[in-house]
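Visitor: Sequence:
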Amino acid sequence: MLILVLTVSIAEAQKNKMYSAETNMKAYVQSKNPDDLLQAKQLIDEVVKHEKTIGFWKAWY
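For the sequence shown, the tail end lands on 48 under this note's numbering, and the numbers increase by one without skipping.
These are calculated hints, taken from the structure and not from any lab test. Since the model is a prediction, treat every value here as computed from it, not as a measurement. It is possible that part of the hints are untrue.
Said to hold, decoys possible - Straight-line distance between alpha carbons at most 30 angstroms, and here's what the computed DSBU-like set of lysine-lysine pairs gives:
hint : residue 1 : residue 2
1    : Lys45     : Lys13
2    : Lys2      : Lys39
3    : Lys2      : Lys45
4    : Lys2      : Lys28
To be verified - Computed spacing ranges between beta-carbons, pair by pair:
hint : residue 1 : residue 2 : range
5    : Gly42     : Lys19     : 29 to 35 angstroms
6    : Gly42     : Met12     : 27 to 33 angstroms
7    : Glu38     : Ser18     : 30 to 36 angstroms
8    : Asp32     : Glu(-1)   : 28 to 34 angstroms
9    : Leu25     : Asn3      : 16 to 22 angstroms
10   : Gln17     : Glu38     : 32 to 38 angstroms
11   : Gly42     : Ser18     : 29 to 35 angstroms
12   : Trp44     : Val16     : 32 to 38 angstroms
13   : Lys39     : Gln17     : 30 to 36 angstroms
14   : Lys45     : Pro21     : 19 to 25 angstroms
15   : Pro21     : Gly42     : 27 to 33 angstroms
16   : Gly42     : Asp22     : 17 to 23 angstroms
No residue lacks a Cβ here, since even glycine has one placed at the ideal position from N, Cα and C.
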């Protein structure tokens, strides 16, 4: 049971990173600050490399 909870928690944490990346991309559109875009890319890279979220559609959109 504990392993299941941990697995779900890790997957959710990775998805939260994707939502944070989306927020950073929106901030970049408004501010044109390249740091926002760089941070978004770093978060997306983490998500697509993680085995639990490699197929998360939002990371590839």
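Visitor: Using the Cβ atoms, figure out if Gly42 sits within 29 to 35 angstroms of Lys19.
Guide: 32 angstroms Cβ-Cβ, so the 29 to 35 angstroms window holds.
Visitor: Taking the Cβ atom of Leu25 and the Cβ atom of Asn3, is their distance within the range 16 to 22 angstroms?
Guide: 19 angstroms, holds
Visitor: Decide if the proposed pair is consistent with the structure: Lys2 and Lys28, CA atoms, cutoff 30 angstroms inclusive.
Guide: This hinted pair holds, its Cα atoms lying about 14 angstroms apart.
Visitor: So does Asp32 sit 28 to 34 angstroms from Glu(-1), Cβ to Cβ?
Guide: 18 angstroms, violated
Visitor: For the range 27 to 33 angstroms, tell me whether the beta carbons of Gly42 and Met12 fit it or not.
Guide: 20 angstroms, violated
Visitor: Given a hint of 17 to 23 angstroms, does the C-beta separation of Gly42 and Asp22 actually sit inside it?
Guide: Given range 17 to 23 angstroms: violated, Cβ gap about 29 angstroms.
Visitor: Taken at face value, is the distance from the CA of Lys13 to the CA of Lys45 at most 30 angstroms?
Guide: 14 angstroms, holds
Visitor: Is Lys2 close enough to Lys39, meaning Cα to Cα at most 30 angstroms?
Guide: Judged against 30 angstroms, a Cα distance of about 10 angstroms means the pair holds.
Visitor: Given the proposed pairing of Lys2 with Lys45, does the C-alpha separation stay at or below 30 angstroms?
Guide: 9 angstroms, holds
Visitor: Starting from the range 27 to 33 angstroms, see whether the pair Pro21 and Gly42 falls in it by beta-carbon distance.
Guide: 29 angstroms Cβ-Cβ, so the 27 to 33 angstroms window holds.
Visitor: Holds or violated: the 32 to 38 angstroms window for the beta-carbon distance between Gln17 and Glu38?
Guide: Given about 34 angstroms between the Cβ atoms, the range holds.
Visitor: Holds or violated: the 19 to 25 angstroms window for the beta-carbon distance between Lys45 and Pro21?
Guide: 22 angstroms Cβ-Cβ, so the 19 to 25 angstroms window holds.
Of the numbered hints stated above, those contradicted by the structure are hints 6, 8, 12, 16, listed in ascending order.
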